[in-house]
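Colleague: The whole structure should be built from the sequences, with the hints applied where relevant.
Each chain, letter by letter, is given below.
Protein chains: 2
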Amino acid sequence: MDSENSETHTQVAGVVVENKQVILKKFIDGIPKENDMEIKIEKIQLHPPNNNENDSILVKNLYLSCDPYMRGRMRDFHGSYIPPFVPGQALEGYGVALVVNSDNPDFKPGDFVAGITGWEDYSLIRRTEQLRKITPDDDIPLSFHFGLLGMPGLTAYAGFFEVCSPKKDEYVLVSAASGAVGQLVGQLAKLHGCYVVGSAGSSKKVDLLKNKLGFDEAFNYKDEPDFDAALKRYFPQGIDIYFDNVGGDMLDAALGNMKVFGRIAACGMVSLHSLSDPQNMRNLYNIVIKRIKMQGFVQSDYLDLFPRFLEDVTSYYKQGKIVYIEDVKEGLESGPSALAGLFSGKNVGKQVIRLTHQ
Amino acid sequence: MDSENSETHTQVAGVVVENKQVILKKFIDGIPKENDMEIKIEKIQLHPPNNNENDSILVKNLYLSCDPYMRGRMRDFHGSYIPPFVPGQALEGYGVALVVNSDNPDFKPGDFVAGITGWEDYSLIRRTEQLRKITPDDDIPLSFHFGLLGMPGLTAYAGFFEVCSPKKDEYVLVSAASGAVGQLVGQLAKLHGCYVVGSAGSSKKVDLLKNKLGFDEAFNYKDEPDFDAALKRYFPQGIDIYFDNVGGDMLDAALGNMKVFGRIAACGMVSLHSLSDPQNMRNLYNIVIKRIKMQGFVQSDYLDLFPRFLEDVTSYYKQGKIVYIEDVKEGLESGPSALAGLFSGKNVGKQVIRLTHQ
Chain A
312 MDSENSETHT QVAGVVVENK QVILKKFIDG IPKENDMEIK IEKIQLHPPN
362 NNENDSILVK NLYLSCDPYM RGRMRDFHGS YIPPFVPGQA LEGYGVALVV
412 NSDNPDFKPG DFVAGITGWE DYSLIRRTEQ LRKITPDDDI PLSFHFGLLG
462 MPGLTAYAGF FEVCSPKKDE YVLVSAASGA VGQLVGQLAK LHGCYVVGSA
512 GSSKKVDLLK NKLGFDEAFN YKDEPDFDAA LKRYFPQGID IYFDNVGGDM
562 LDAALGNMKV FGRIAACGMV SLHSLSDPQN MRNLYNIVIK RIKMQGFVQS
612 DYLDLFPRFL EDVTSYYKQG KIVYIEDVKE GLESGPSALA GLFSGKNVGK
662 QVIRLTHQ
Chain B
312 MDSENSETHT QVAGVVVENK QVILKKFIDG IPKENDMEIK IEKIQLHPPN
362 NNENDSILVK NLYLSCDPYM RGRMRDFHGS YIPPFVPGQA LEGYGVALVV
412 NSDNPDFKPG DFVAGITGWE DYSLIRRTEQ LRKITPDDDI PLSFHFGLLG
462 MPGLTAYAGF FEVCSPKKDE YVLVSAASGA VGQLVGQLAK LHGCYVVGSA
512 GSSKKVDLLK NKLGFDEAFN YKDEPDFDAA LKRYFPQGID IYFDNVGGDM
562 LDAALGNMKV FGRIAACGMV SLHSLSDPQN MRNLYNIVIK RIKMQGFVQS
612 DYLDLFPRFL EDVTSYYKQG KIVYIEDVKE GLESGPSALA GLFSGKNVGK
662 QVIRLTHQ
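If you read the sequences in order, they're chains A and B. According to our numbering, the first sequence is numbered sequentially starting from 312. According to our numbering, the second sequence is numbered sequentially starting from 312.
Careful, some of the hints might be misleading.
Each pair may be met inside one copy or between any two copies, as identical chains are not told apart.
[Stated by the list, open to error] With a straight-line Cα cutoff of 20 Å, these simulated EDC-like cross-link-like pairs (lysine to aspartate or glutamate) come out:
| no. | residue 1 | residue 2 |
| --- | --- | --- |
| 1 | Lys521 | Asp612 |
| 2 | Lys570 | Asp387 |
| 3 | Lys570 | Asp612 |
| 4 | Lys501 | Asp449 |
| 5 | Lys632 | Asp450 |
| 6 | Lys657 | Asp417 |
| 7 | Lys344 | Glu644 |
The hints are simulated quantities; they were obtained by calculation from the structure and are not laboratory data.
Modeller: Here it is as structure tokens:
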């Protein structure tokens with residue numbers, strides 16, 4: 312196996328190939344649009360790094376992940392937990408890749424890796440601490456390593472269990488409920504004995520939530536002119552836990568319908584058109600009156616949970632206790648529209664890009 | 312002593328006296344105004360209750376407390392942790408009183424009590440579970456039992472230590488910093504080794520904060536056209552803990568200046584003109600990006616801490632490690648303006664009403 316990989320390595324080392332990339336044209340402020348990005352093709356040699364940085368590896372990207380947090384990296388803002396992208400260069404994000412070439416003794420050609428890579432056919436990765444080797448498993452799609460079993464999965468798991476402190480029989484609202492994080496939150500909540508209602512943006516998604524993902528109820532927020540009335544209908548007794556992926560008006564309506572000692576996991580605010588736009592909040596005072604805890608979090612603060620998360624969720628999946636819906640687009644060219652589409656809810660399930668290499 | 316008290320009891324029992332009361336005229340929506348209340352005088356007999364409710368007591372009120380939470384009881388809203396006042400009847404609030412007459416074996420005429428009583432000269436109190444007996448102490452003003460050593464004190468103590476999880480050397484912002492709660496929060500934070508900045512609404516209050524209450528810095532928010540710029544000036548490194556008594560624009564500005572893993576104790580939103588008015592929030596997304604925990608709380612959820620709080624704070628006070636500033640108004644007639652004045656920051660320190668009985 313090693314010798315075979317070495318041979319492959321040698322074969323490709325001198326070859327010049329086209330490296331297609333998705334480039335951020337310039338920093339943005341509002342919602343990412345398809346034409347904020349462009350496709351660029353460079354020619355590269357698949358040579359070994361040979362640059363005295365003995366931990367860099369060259370990978371061939373197989374799957375890329377579209378995630379809402381990436382929008383934050385498209386802004387000229389350096390105060391977040393992750394630096395912005397570099398205009399003119401390829402985007403970065405979670406992906407699954409095959410090691411082609413390696414200066415790093417921990418990675419060998421032929422290894423499959425998951426972690427942060429480039430939005431391009433081939434990536435030279437220097438920060439290998441953001442990669443982990445994965446073992447292909449016929450029962451687990453490779454793309455699950457950045458979905459159900461990756462960042463969104465850990466986000467759901469840590470956010471629900473650690474931030475929301477759920478108890479059996481509690482009433483749980485999940486927004487963006489059919490998305491990469493929401494669909495797992497809802498299923499974990501059901502397995503935990505909670506009553507779960509999801510909001511989503513199309514009748515197709517509502518149907519998936521009720522009939523495939525096992526939510527007790529679901530509604531299309533676009534059909535609800537009054538979110539407060541909708542929540543009062545679905546939660547006449549109030550909400551114990553709101554897992555918030557959207558912010559904005561749904562957060563405000565949820566604040567008005569929380570029970571005393573309710574908990575809000577603030578996971579994302581994908582509804583905001585621009586982070587600098589003001590939001591009209593009418594119900595913030597409920598935080599005081601109802602003694603609500605609202606807590607922002609990112610999964611990377613809970614990496615110590617990763618082994619337990621991986622074991623639990625893999626086991627649930629293999630036992631058929633949870634499902635995971637992906638929306639797979641073909642080819643790097645589909646990247647800009649797929650990423651932009653997240654913000655208008657075009658994706659049905661976890662948005663995945665499958666790279667097709669010529 | 313007992314026989315003496317019984318004698319007093321007998322003496323007053325048949326006497327008809329005027330009972331001056333502060334009445335809520337009708338439910339309000341906005342900020343309490345002086346003329347939302349009126350003075351009414353009824354004649355009452357100081358007779359023993361004799362009503363087969365063997366836990367009721369008649370008290371003569373000595374000091375009453377003006378607290379911002381009382382505004383919530385002036386609204387026609389039943390979803391809070393405490394029911395609204397009854398229009399046409401006397402307001403209720405924290406006070407210190409002398410027992411005149413008692414059907415309850417736990418209270419004897421001559422006992423001093425602190426707890427919930429009426430805004431009137433004499434109150435018949437049926438819910439004695441909201442009263443505690445206090446022992447007069449020459450070193451402790453009676454009014455401290457609803458201030459430094461009462462609800463506002465426990466609010467500061469529980470909110471700071473339990474909700475904010477402070478660490479030495481952290482940077483703390485306190486709003487309404489010279490108020491009943493804020494002045495103790497700041498002093499506890501200093502004793503804990505934090506750097507503390509207070510905001511208040513007059514140069515007199517700023518002077519007290521810096522020169523009497525030991526805050527590291529203080530500013531008059533009315534002199535700051537741009538709260539964000541002010542906070543950047545006082546916290547160039549960001550804020551670890553914001554103890555929020557005001558909500559609104561200061562909360563929004565603080566959200567924009569929190570450090571990663573910052574904590575916000577949501578104690579009150581006294582700045583809101585009307586709870587149903589929308590607030591423009593520009594910085595809520597920081598809750599996600601900075602992993603901020605924002606938590607509402609009320610002191611009554613922390614009553615198990617009361618003995619430790621009382622011991623700690625009494626000891627600090629007697630050792631001269633903390634001071635407590637009161638703003639004492641004379642006479643029940645001053646009640647409506649004193650209560651309304653809280654919402655425009657007229658009070659300098661804890662607002663107290665001393666009753667003068669003819």
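Colleague: Can you give the numbers of the hints that this structure goes against, from lowest to highest?
Modeller: Hints 1, 4, 6 not satisfied by this model.
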